[in-house]
Amino acid sequence: MKIVSPSFEILTPLEPQEILARLERAGRTCYRSEARITPDSAAAFVRTIIKSGHHSVIEHESISVRLVCDRGVTHELVRHRLASFSQESTRYVNYGRGPEGRGLVVIKPLFFEEGSEKYNLWLKSMEAAEAAYLALTAAGATAQEARTVLPNSLKTEIVMTANLREWRHVFTLRCSPASHPQMREIMHLLLARFQELLPELFGDL
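Residues 40 to 244 (the numbering used here) make up the sequence shown, in order.
Because the hints were derived from the structure by calculation, they are not lab data. Be aware that a few hints might be false.
[Said to hold, decoys possible] In silico PhoX-like links for lysine-lysine, alpha-carbon gap of 20 angstroms or less:
1) LYS147 <-> LYS157
2) LYS163 <-> LYS147
3) LYS163 <-> LYS41
4) LYS147 <-> LYS41
5) LYS41 <-> LYS157
Since this is a predicted model, take the numbers as computed values, not measurements.
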């Protein structure tokens, strides 16, 4: 069994200036102010759009991200309906001979201190789940049959594509104190990267 931390990879090639320029051109259609476009006008225009709440303009651009997290996080993430998802399938991936080798890969829970009683109880539970899964597959169970013993902590990969307005909505909800700690963990990491790449669109969050 392997224990890993959550991570992400932005799949969309991001050219921030080109994204801002396309958003400006789309947004200025509303005002027929295309004549005011200059080589450096896009950033200020997009900041004004965000500040004014005219967020429909930023729906014209989308970003795809591959998230590596636990199954519990993805169960919450897929509730965002204005997005597209492609998720690793436990029906078809056989972890008895999986892409990472034989056995389960699980996400380390950030709220259990390594070596603590809670962490050790969690670890024993993961080891028991792995043993049960491997025993089932060795007995001839298919992946979709054996998955009945898989834990929420199972590492999974999910690709999420959403327009920029929906990403703002996702970050607003999923970085809040009310969100699950493991959801906040991965979303804070991703938001920081979005803010670095596109501060005009995410810097106010």
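So, going through the hints one by one against the coordinates:
1. LYS147 <-> LYS157: 12 angstroms, holds
2. LYS163 <-> LYS147: 13 angstroms, holds
3. LYS163 <-> LYS41: Distance ~13 angstroms between LYS163 and LYS41 Cα, so the pair holds.
4. LYS147 <-> LYS41: Given that 20 angstroms is the threshold and the Cα spacing comes to 10 angstroms, the pair holds.
5. LYS41 <-> LYS157: Since the Cα atoms of LYS41 and LYS157 sit roughly 18 angstroms apart, the hinted pair holds (cutoff 20 angstroms).
Comparing the model with each earlier hint shows no violations; every hint is respected.
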